[in-house]
Amino acid sequence: MTCETQGDGDSEQHPWRRPPRHHFPGIPAWGAPTARLREEKFDVSLIGAVTPDWAWGGSDGSGVKVAVLDSGVDGSHPMVKRLDRSVGVVPGDDGEFTIADCEPTDAAGHGTACAGLIRSMAPEVSLTSVRVLTNGKHGTGAGLIAGLRWAIDEGFDVINMSLSTGKPQFCLALHELADRAYFRRCVIVASAHNMPVRSFPWPFASVISVASHDEQDPSVYYYNPSPPVDFFARGMGVEVAWPGGARIRSTGNSFATPHITGICARILSKHPMLTPFQLKSVLYLAASNVFQPQGGDNAGR
Amino acid sequence: MPVGNADVTERSLLQSIVEVARSVFGAAAASVFLLDAETGDLVFEAVAGEGEDQLVGSRFPSGTGLAGWVVMSGQPLLVDDVTKNLQFARDAAESTGYVPSSIMAAPLIRNGECIGVLEVLDRGSRPRGDLSDVDLIGMLATEVALGLELVVKLRWLTGAQQAATAGSDGDLGVLSRIAARLPAATDPVASTVSRLLATADDLLAGESAASPGALR
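Taken in sequence, the protein lines are chains A and B.
Residue numbering for the first sequence follows the working numbering, beginning at 1 and increasing consecutively.
Residue numbering for the second sequence follows the working numbering, beginning at 1001 and increasing consecutively.
Just so you know, these hints were derived from the structure itself, not from any lab.
Beta carbons are placed, not taken as given, at the ideal position from N, Cα and C, and that holds for glycine.
One or more hints might be untrue.
Claimed, not checked - Quick look at which bits of chain B chain A covers, simulated, 3 or more residues with Cβ under 8 Å:
| hint | segment |
| --- | --- |
| 1 | 1066-1078 |
| 2 | 1099-1113 |
| 3 | 1131-1142 |
Work out the full structure, taking the sequences as your base and the hints as a guide.
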């Protein structure tokens, strides 16, 4: 094994973007290397003593591609600074959704608010807007699935989903997509729902789910040992982008999620070979209530 | 669901919820919007406090404003200091005539779908934290959605009962027509009809014997 490299995240050479292996009946499809099939050399992100500084210190998110699945993103907003691409789901006559490039605008502003927070956490990250929500006329489920499928296939490193759908008929499709993302090293960071309703994909084990804490430090986040919420991040009184270049102070899990997305982008920028389960472990080890430098924890307590 | 179609129970339910929400939060106003599925507009269905005299029935596109954030994300949200945001203040003044300094809103979710929004303007100062307030409005919104679901079920049940009553009138109509035509029927037809009627009678007798009511 060799040490990690700052590789191109798009490369089809990465093990997580390879086509499925060919195999013949009677031969184990997923077995370990044998005498006939030599062990493969591959890069790994070596994990030593994980500290917040090891995890993301000095990283600005460069080289990491993040998709914001939301209401669109206003690319001209000062908090967003720049947007590399803007696409949207388009409902067809047959009820199927397709993906098409669209203007970098956002009538609602929710996606712009999320994108601005990701930019504030990881200034050099590459941001793409995937508009899956347009207005109240179309339900959230089918468009959400079309946009998510596209983002996974496009090979984004991190997908921010400050939204969910509660329609049970979309649960299985979302579950399969979340697993597909997981195995393709595409990290889905999703807002946990605070209301007593069932919604997806945030409770799936293959995604990173985020709820809010009430502290003001954007880098402070807490590991939650009680599933399904994985982490608590800053989500109260957060200054976020508002349409027209303005800012507003807002509270909600929608805004805790982009904080973790930004932290993930910084970690992946520094350690590009981390896969989602390794990344979640690094997040756990560097969490403010877990890491103990000299007896205290990351929050300095 | 336009306001004109909302029946008395639904209107009273929504009004009582917005009154409770306004009182619990010590707020300037509380309102419930329902989503018009055809136009995508949010329609004011009940308002307590500021605007209660003129806002019910008015509408705005669901893709904008904080209510739009809530519809899209399906998440409860809160914004503060909105008066500092001139664009926001202008939009609010144009749409409702009132410029709040804080807004809190939560989705009404039925069958996994957002069907509307519960909104509270200008909470009074209280010892609770913002996150607890957001949790509480989420709980109230859940109650509204459950209440609306009950109203819809009640309507359906009432409709089904009416249909059942209409159906039994129809059966009686058939029986009276048979009684009128039977004497004039030819012998083979009359004998078949008599056998069918006897079968129907047996069937009904068997059912009433098997039902718990017959045991008493």
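Now for the hints, and whether the structure bears them out:
{"no.": "1", "hint": "1066-1078", "verdict": "holds (count 10)"}
{"no.": "2", "hint": "1099-1113", "verdict": "holds (count 6)"}
{"no.": "3", "hint": "1131-1142", "verdict": "holds (count 7)"}
Hint violations for this structure: none, all hints satisfied.
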